[in-house]
Amino acid sequence: MRRYLGAAGLLVLFVLAWQGVASLDAVDDLTLASPTETFDALRDDWSLLIDNAATTLVEVLLGLAIATACGVFFAVAMHLFRPLRDAAYPLLVASQAIPIVVLAPIFVLAFDYGIGPKLAIVALICFFPITVNLLDGLRSVEPDLLKLMRSMGASRARTLRSAELPSALPFLFSGLKVAATVSVIGAVFGEWAGAEEGLGRLVLLGNNQLQTPRVYAGIVLLTLMAVALFALVALAERFACPWNRKEQAV
Amino acid sequence: MQTQTEAPVKEPLHISDVTRRYGRVTALEGVGLRVGRGEVVAVVGPSGCGKSTLLELIAGLQRPDEGTVMAAEASYMPQRDLLLPWRDALANAALALECEGVPRSEARRRAEPLFERFGLAEFERARPAELSGGMRQRVAFLRTLLPGRPVLLLDEPFGSLDSITRASMQRWLADALAREPRTVVLVTHDVDEAIFLANRVVVLSPRPGRVVADIEVDLDQPRDVTSPEFGALKRRALEALGL
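Residue numbers (the working numbering), protein chains in the order written: chain A, 1 to 250; chain B, 1 to 243.
Simulated from the structure, these hints should not be mistaken for lab results. Warning: the hint list may mix true and false statements.
[What the hints assert, rightly or not] Far from chain B by the CB rule (all over 10 angstroms, computed), these chain A residues:
#1 R2
#2 S34
#3 E37
#4 L42
#5 V72
#6 I100
#7 A110
#8 D112
#9 G116
#10 E197
#11 T223
#12 M225
#13 A226
[Stated by the list, open to error] The following residues of chain B were derived to be distant from chain A, with all beta-carbon distances above 12 angstroms:
#14 E29
#15 G30
#16 R109
#17 F115
#18 A174
#19 R200
#20 P206
#21 A213
#22 V217
#23 P222
[Unchecked claim] Simulated restraints, written as ranges between beta carbons of each label pair:
#24 B:S160 / A:V220: 48 to 56 angstroms
#25 A:S155 / B:R109: 16 to 24 angstroms
#26 B:V25 / A:S155: 28 to 36 angstroms
#27 B:E122 / A:Y4: 31 to 39 angstroms
#28 B:V225 / A:R139: 43 to 51 angstroms
#29 A:P242 / B:G30: 49 to 57 angstroms
#30 B:R37 / A:P242: 40 to 48 angstroms
#31 B:Q79 / A:P242: 26 to 34 angstroms
Just so you know, even glycine gets a beta-carbon here, dropped at the ideal spot from N, CA and C.
The shape of chain A in the complex, shown without the other chains (with noise of 0.2 angstroms):
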C-alpha cells in the first residue's frame, strides 16, 4: 500500500509542477497545455479520443501478439540450433537499429494506409526485446540441471519442455514488459506516415491545427495505455510464475 501511496504522490507532485509552469508568462500557451486545459480537452473531445485510442489499442495489441508468436518461435527455434542462433543473432540485432521513423512511411507505400502497416512496425519494434529476453532464459538453465535431465535420460524435447521452458518464463515476462510499452510509440509511427484514424493520428493533426490541449489529451491517453499494458504484463506474470514470487518474498 506504501508505495502505491509513494507513486501516487510523486504524480500529484509533477501534475502541481506542471500546472506551475504552464501558468508562467513567459511559456506560451500553444507550446505547453496546463492540466487544466488538458482535463478540460479530455472532457469535451472525449468520444473522438477514445474512438481513436481504440483504434490504437488494436494495432498495439494485434502488434505485440504477432511479435510474440514470432519471437517466441525464434527464440526456441534459435535456442535448438546453435547454427542458427550464430547466423541469425547480427540480423536481429540490426534489426532493431533501423530507424522505424524512415521505415514507418515505405512501409505504407508496401501496405496501403489500413492497419498492415502499423501493425508490421509494432511488431518490427517488439520482436526485438521479447526473442533477446527469451533467448537469455532459455539459456539461463544451471548446467547441473542439464546434466541431471541427461542422466534420467530426457530427450532434447522433454529438456526444452520440463526444465528451459518453465525456467526462460520470467525472461519473456521482462521482455514482454520492454515489449508493451514501446509498443504505443511503435503504433504512433505508423500513424504518423499515414493513417485515417488512431490517437497517434489525431496528436498530429492537432499539433498542426494548433490543438494543444487536445494533443496533451492524447499524450495522456497514450501514455495511460502503455502504463496499463505494462501491469498487465506484470499482473499475469504473477499468475504464471507464482514460484518466481514466492523466492522474491522469503
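On the provided structure of chain A, position chain B as indicated by the hints.
Leaving out everything else, chain B in the frame of chain A:
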C-alpha cells in the same frame, strides 16, 4: 543409458583401469572398482580427487580416456537437489519417470505411495521453496529411486545439510536402503557417513585419484558411531587418507 551393458550382467558395476584427464589435469588414474549386486560402496577422498568424475563416468555422463566402465543402468543423484521450483514435490519426484516417457498423471500416481513410505506424506503438493533442506534431499532421493534402475549413484547427498539434519538423513537413508535394496555407490568426504552407510569403503588418494584402500565394513545395521569397532574402521580409513 549410454554406458555399455554386459549381458548377462554378473556384477552391476565393473570398472577397470580407468583414467580420466581434463586437459593437463589427471582426475583419475588407473582406478578399478567392482561392486556386487546389493552392495553399498562408499567412495571417500579429499576434495578434487575425482570422486564426482567417477560417478559421472558410471552414469555415462562422461567417457574414460583409458580403461573400461561396465555398468548396469544407473540413477544419478547430484550434490544439490536441483528440484524444479515450479513443480510440487510429487511432480519433482515423478520427473525421472516422465523423462522415460511415462505420462505425467501416471508418473504422479506411481510416485505417491513412496511419499507415504518415506516419511513425506502430506508434503506432495508443497513447492520446493516450502520444504526444509532435509525434505528436499528426500524428494530428490525419491526421484532417483523411482525409475527402478538397479544402481544408485549418490554424490555427497547430504553435503549441504547441517550436521544434525545430516545425521538424521543418514539414518533415514540406511532405513530406506534396507527397505528398497539397491546397488549403491555413495561419494562422500565424510568418513563417518561412509562407515555408517556402506558395506565397503573405498579410499581415493589426492589428485590424481587412485584407489589406496578398500575396507570391508561388517557391522550390523543400525550402526553405533560410538562403538569401538566403528572407531577401529574409522582409524583405518583415516590412515589411508593420510590423516
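Hints, one by one, checked against the model:
Residue placement check: R2 of chain A keeps its beta carbon more than 10 angstroms from all beta carbons of chain B (closest about 25 angstroms). The claim that S34 of chain A is not at the interface with chain B holds, since no C-beta of that chain comes within 10 angstroms of its own (minimum 50 angstroms). Once the 10 angstroms rule is applied to beta carbons, E37 of chain A is consistent with being away from chain B; the minimum gap is 50 angstroms. The claim that L42 of chain A is not at the interface with chain B holds, since no C-beta of that chain comes within 10 angstroms of its own (minimum 43 angstroms).
Even its closest Cβ contact with chain B, about 18 angstroms, leaves V72 of chain A beyond 10 angstroms, as expected for a residue assigned away from the interface. For I100 of chain A, the condition that its CB be more than 10 angstroms from all CB atoms of chain B holds, with the nearest at approximately 36 angstroms. Once the 10 angstroms rule is applied to beta carbons, A110 of chain A is consistent with being away from chain B; the minimum gap is 43 angstroms. For D112 of chain A, the shortest C-beta to C-beta distance to chain B comes to about 45 angstroms, beyond the 10 angstroms cut-off, and the non-interface label holds.
Distance check for G116 of chain A against chain B: the nearest CB is about 39 angstroms away, which clears 10 angstroms, and the non-interface claim stands. With 10 angstroms as the threshold on Cβ separation, the claim that E197 of chain A sits away from chain B holds: the shortest Cβ distance comes to roughly 43 angstroms. For T223 of chain A, the shortest C-beta to C-beta distance to chain B comes to about 34 angstroms, beyond the 10 angstroms cut-off, and the non-interface label holds. Every Cβ of chain B is farther than 10 angstroms from the Cβ of M225 of chain A; the closest lies at roughly 31 angstroms, confirming the non-interface assignment.
No beta-carbon of chain B is positioned within 10 angstroms of the beta-carbon of A226 of chain A; the least distance is around 29 angstroms. The beta carbon of E29 of chain B sits about 23 angstroms from the closest Cβ of chain A, which is more than 12 angstroms, so the claim that it is off the interface holds. At roughly 25 angstroms, the least C-beta separation between G30 of chain B and chain A is larger than 12 angstroms, which holds for a residue marked as non-interface. A cut-off of 12 angstroms between C-beta atoms confirms that R109 of chain B is not in contact with chain A; the least separation is 18 angstroms.
Interface exclusion of F115 of chain B from chain A stands, the closest Cβ pair being 19 angstroms apart, more than 12 angstroms. Residue placement check: A174 of chain B keeps its beta carbon more than 12 angstroms from all beta carbons of chain A (closest about 24 angstroms). For R200 of chain B, the shortest C-beta to C-beta distance to chain A comes to about 24 angstroms, beyond the 12 angstroms cut-off, and the non-interface label holds. With a minimum CB-CB distance of about 24 angstroms to chain A, P206 of chain B clears the 12 angstroms threshold, and the non-interface call stands.
A cut-off of 12 angstroms between C-beta atoms confirms that A213 of chain B is not in contact with chain A; the least separation is 28 angstroms. Every CB of chain A lies more than 12 angstroms from the CB of V217 of chain B, the least distance being 27 angstroms, so the non-interface label holds. At the 12 angstroms boundary, the C-beta of P222 of chain B stays outside the reach of chain A, the nearest C-beta of that chain being 31 angstroms off. Restraint check, S160 of chain B to V220 of chain A: a C-beta distance of roughly 54 angstroms satisfies the suggested window 48 to 56 angstroms.
A hinted range of 16 to 24 angstroms holds for the C-beta pair S155 of chain A and R109 of chain B, which are about 22 angstroms apart. Between V25 of chain B and S155 of chain A the beta carbon distance is about 33 angstroms. The supplied range of 28 to 36 angstroms therefore holds. Remark: the range hint 31 to 39 angstroms for E122 of chain B to Y4 of chain A is upheld by a beta-carbon distance near 38 angstroms. For the pair V225 of chain B and R139 of chain A, the supplied restraint of 43 to 51 angstroms holds, since their beta-carbon distance comes to about 45 angstroms.
As the Cβ distance of P242 of chain A to G30 of chain B is approximately 51 angstroms, the hint placing it in 49 to 57 angstroms holds. Taken as a hint, the range 40 to 48 angstroms holds for the pair R37 of chain B and P242 of chain A, whose Cβ atoms sit roughly 44 angstroms apart. About 27 angstroms separates the C-beta atoms of Q79 of chain B and P242 of chain A, a value consistent with the hinted range of 26 to 34 angstroms.
When the structure is compared with the earlier hints, no violation turns up for any of them.
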